[in-house]
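Enquirer: In the order they appear, the protein sequences are chains U and P.
Read the first sequence against the numbering used here and you will find it ends at 705, with the numbers running on by one and no gaps.
Read the second sequence against the numbering used here and you will find it ends at 105, with the numbers running on by one and no gaps.
The hints are simulated quantities; they were obtained by calculation from the structure and are not laboratory data.
As the structure is a computational prediction, the values presented were derived from the model and not from experiment.
DSS-like mimics (lysine-lysine), calculated; alpha carbons at most 25 Å apart, straight line:
hint, chain 1, residue 1, chain 2, residue 2
1, P, 31, P, 67
2, P, 103, U, 179
3, P, 90, U, 195
4, U, 13, U, 44
5, U, 249, P, 90
6, U, 705, U, 570
7, U, 190, P, 90
Examples of chain U residues toward chain P, derived with CB under 7 Å:
hint, residue
8, 84
9, 185
10, 256
11, 259
To give an idea of the interface, some chain U residues facing chain P are shown, with a C-beta separation under 8 Å as derived from the structure:
hint, residue
12, 82
13, 142
14, 144
15, 146
16, 180
17, 255
18, 262
19, 263
A virtual CB, placed ideally from N, CA and C, is assigned to each residue, including glycine.
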Amino acid sequence: MERIDIHPTHAYKDFKLRRGRPFPFGVTLVPGGVNFSIFSSHAKSCTLVLFRKRASEPMIEIPFPDEFRIGNVFSLIVFDLDYENVEYGYRMDGPFNPKAGHWFDNSKILMDPYAKIVGGRDVWGVTPDWNNVYQHRARIAFDDFDWENDRPLEIPPEDQIIYEMHVRSFTRHPSANVKHPGTFAAIREKIPYLKELGINCVELMPVYEFDEFENNRPNPVTGERLLNYWGYSTVGFFAPKAGYAATGKLGMQMDEFKALVKTLHRNGIEVILDVVFNHTAEGNEYGNTISFRGLDNQTYYMLTPDGYYFNFSGCGNTLNCNNPIVRSVVLDCLRYWASEYHIDGFRFDLASILGRDPWGAPLANPPLLEILAFDPILAKCKLIAEAWDAGGLYQVGSFPAFGRWAEWNGRYRDAIRKFLKGEIGMVGDMAQRLQGSPDLYASAARGPTTSVNFITCHDGFTLADLVAYNEKHNESNCENNQDGTNDNYSWNCGWEGPTDEPGIKTLRQRQMKNAVAMLMVSQGVPMILMGDEMGRTQNGNNNTYCHDNELNWLDWTLSKSNADIFRFFKHCITFRKAHPVLRNKHHFRNVDYVGSGYADITWHGTQAWNADWSHFSRIFAFMLCGKHAKEGTVQDNYIYVGMNMHWETHWFNIPGLPEEMKWHVFANTGANPPEDIWQSGTEPVLENQYGLLVGERSVIILVGK
Amino acid sequence: MALNTTLETNNGITTITLSGELDASTAPLFKEKVEEAASQKVRRLVLLMQDLEYMASAGLRMLIFAKQKMGSNVDIYVVGAQEMVIDTIKKTGFHYSVVILDKYE
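Extracted from the complex, chain P is given alone in its bound form (with noise of 0.2 Å):
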């Protein structure tokens, strides 16, 4: 199953949504947005999962890359994602990298 992205930016704010799967050979798209993010000198990233299934290793390490290249002030909030993804972020210990939140208003 493929991967799907979209990205939005609004007042420094820039929403990236996911859906699908996020392993090895979909994290390249992903990436492509997290970079087209940070071109945009914003002020906080928002990842929308809701609909994405399943993340594997380099999903994670995508997390940690957007972390990095973001820069340490900007704040990365993961939204709405699946007990299973949730799961293995914390398991990793990659929870305190980013801000976990069920839904973002």
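Here chain U stands alone, though its shape is the one from the complex (with noise of 0.2 Å):
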């Protein structure tokens, strides 16, 4: 039998219509036609806007009849739509009044916040036509894709080993050598590369619709043109970066998303979204009006009592996330990118936001946080706070967690930051952080993986800047070096920027391999920086948001130059891959609790069994004993770190080992390559089993087996 409510009831113009479903929000095909669903809370009328595809002037413009709306939800169904060549846009009308927190004008059209496909930016960096009255192209899209079998990894945290990545950066550079440099695409034709190194999860900076023409302006000197290059302004919560694919003039990102996702996915590596819910593309009182500001301004916008904008995230606006109906459109939108993109966890940028009221005041049990932490569809999605904002909420080791939330670590990253470059007062600190920081999380419950341990990110300085540069070098950023943290606890080794001084340049290789040795033994999440495993430099910029070009792009050539750092990398990530002593799930005891006769994590100096706590030192080595691994549930090595931050080299007598075993060297920063590292499983024995020398500022690791 046929269903009586797929034929038209209504017509306008040439146009079959019937009353729509009010839900769920956005479009969604139905037999025969196209349903369209909007809401506001404060419009008076809305009229829906359909163009042929790139079309300058609408083919009909269909004002709601009023009975289809329901509650504030306007919907309807157009029939016969030829769905793949239209795209589709709202006139919201209502007063005018931002003291009062509207801004309702019928003159604009508006995209939808659910659309899932977003044209007018096909292409990357094409200048966009300014004298469109449709900028950001809401489209239609199919759902579907051939998934076969996969589904996401679900690696457990404490087993994660994060890459973080821009789309564009890591293959734009002509010695990417690929077919289609910067997209989705050629990210594909890299994973083997990404698999040498060892890593099991990317991190991928925006790649929700953005556009990077927003703000953009020629660099006074040299006439480039600065773009919003990274992305952290959303424009389409829904869809993802049309210039990203190569197939984006086609309008087939969200296949060739998902084609990256699918497949990354069969090489055992997980995708996390960067995902930035603090605030939009339309700026402040000055910005553009894509779609929230002239659908419902006042809903979606933190706002002062005089309607002006607050700025809690540094960028003009402040997404209202825990008004009730924007909290829905932030779940709505995760739960769409887990279910239909596979992707296994999200990063949320300035989560801190995330947990203010509508009027600014932190939350203690903010109902966003608890939402998302409780929702059955995102269950095994990897949360993972940027847990400050740029309002001066500082929240790491407090961030509401819900048994759910990871937390970018800012204190991880300070301390091996300072602790590296030699300051003193830091060894304390130091065995907090390398333990995964039980100060910060265990007084919670939360436990090591709460901590998403890094040195460098994106903001910041890339490792091989953090150990070449004093202090920050922004000029082209063209904001007279204003931009950009002060606070980059950065050691230049004795000149800034490039030498050919030999004493400097071996010392800057051997930093970053000290570097990326702690991190890789300490309890949490470890996160990486694209191209800081080769080298990559950003000539001393630590915020380079706004440049297409070499300043972000990856230059593959360096991981031939930078062989050694390559290698390096990789080794110490095969090492904690072989290592469960090295990936708790839990906090460390301080006691034997398995009657090896060690306890799970020691202490240890120059001397064995007398650490140097005090204020001056800048040396210390811990011991894991291999029976305490996974909380004894697995058998592992014993693991001995030692330390030496000081200039000068010093002799470490080292712990005895139960009868059978010996201590083997894995990794020496100090030596020459290739004997500052050995392959996971060939490290050959240490000659003296009582001690050995440290060389000044270096860092090593034994095997006991």
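Dock chain to chain to rebuild the complex, using the hints, since each chain is given by itself in its own frame.
Expert: In structure tokens, the structure reads:
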């Protein structure tokens, strides 16, 4: 029997219509037609605007009949629509009264916040037609894809090794030698490289549709155009960035991105998205109206009592995340990415904003964070907070976690950096960081994997720059070097910037190795920044958000010129994967609870069993008992890590092993390659089983087996 | 521009020849042929695409539809497709599901 609700009941000009279904929001394909559903708490009326693909003028504007509104939702079905070849938007009528928070203006055509494909910036960097009345153009998507037997990988967090990547930067450089540089498709070509390196998760900097031309401006010195290159400014929360797809001009970015996720999964690599829910691309009072401002400004944004935009994001506006309506948009969005794109997890940019109430005050139990933590579709997704915001809220260690949320551990980053450059007073702090920061998390029953450990990320210096610059050099951003953080905790090893002095060069190489060695023996989840494994530099720029050039593009020739660094990274990653004792799910207890004769973790110094915790100490060492790996459930080797960040060589007495075992040398950053590191499993026996010399500013890692 | 399709079956191999443009408006024609092929219990489906000038998203979906309709033990050959069509198939990762050949003997 045929359903009776698939026939038109209304008509407008040549278009046949029917009352729509308010739910789900956005656009849904229904038998014979397309269902449109959009809400606004304050609009009086709404008009659906349809374009032929890329046309400058609408082909039809269909006012929603009054009876098609239920509550605050306008919905209708349009029959016989050639949906592959149309774009749609809305006009909203309502009060224009910014003081009261209302910005309705029916001369503007507004993008659907639920748009799953957004046209208008189809090919990266092609200058838009600024006269076009509809810049970011919602399109209608098929939500289908042949996933075969794919599903998110659900790698336990303690086993994850994250690689933070910018989609375009990864393969845009000519040396990447790929068919479609700077795209999702090109990342697929580089999967063998990622596997060789050994990471098992890529964290993609924003891939939601954004406008690279937002706030674009010429560099007055070079004439080069500065762009919104990183993309931390969302236009469409449900749409993948068309300009990142080789097929963007064909509108197939969904397929291309899904193919990337599927292929990465097939190779054992998870995908985490860096998501930006703290603000939108509409800016402040002077910004563009793209969608939210015109649809329902007072609902979507945090506003001062006078109707101005609160700016906790540092980007002009703040999304009103704990408004119940906005909260469900965020939830719908993440559910969509988890289910439709098989995304493995999310990293939330400036996540502390997500815990503020509509007036900006931090909430004790933010409903948005809670709902995400308990959502059934997101149940296996990693949820990682950048636990601070630009409004001064710093929540590392105190982010409302609901048993789920992990944190980018900013204190880990700072502690390692300071210790690495030889600052005093760091030994106690370091001991906490290397254990997965129990001082921050244990009392709240949060395990070591709460801590995403990183030394570098897209914000700030690259690893190579961390050891080559004392100060940021952001002049090319054309903001008078005022942008970017001043708290770099970096040390240039004796000369600011590039040098041919061999001693400085060697020291820098060693410092990079020291850094990754410490990172890979830390409990928690390690994250490395794209290119650090081959010594990528940004010439001292610590905030390259606006550069579509070599400052950001990964130069693949570095993998040859810095082959030693790459090799060191690779072996450290393999070592971490080979040793479960480095990947514990629970915090150490500092006691022997399996009867091995050794506590799970013990502390040492130049003398075994006697760590120097004093203020002036730059030296310490620890040993992990292999019989306590994963709380004694698996057997592993013993591991000893000695760190000498003093500028002089020191003799380290090392703890004795159970009788049948011997210490072997896995890594010694003070030795010249290839003896600086050994392939896991091939480590040579340590000559003197009672101790060894640890060179100035060096790290040694021993395996007892 | 329209789509022309012809279908021929010999020795358990069905060959569908496509010419013109494969998009949302013409995909149903192709779908009919795929269904016809599926009803014949063949062991191989060969798609001759020398004269196919354009394939939109809906066309790609038909390849997957064919794969799923025919079953996993039926190989699908995409033969002689033009560079642009092949490129689209590869960029979106659909080449993992079909066999791409220049010529089919």
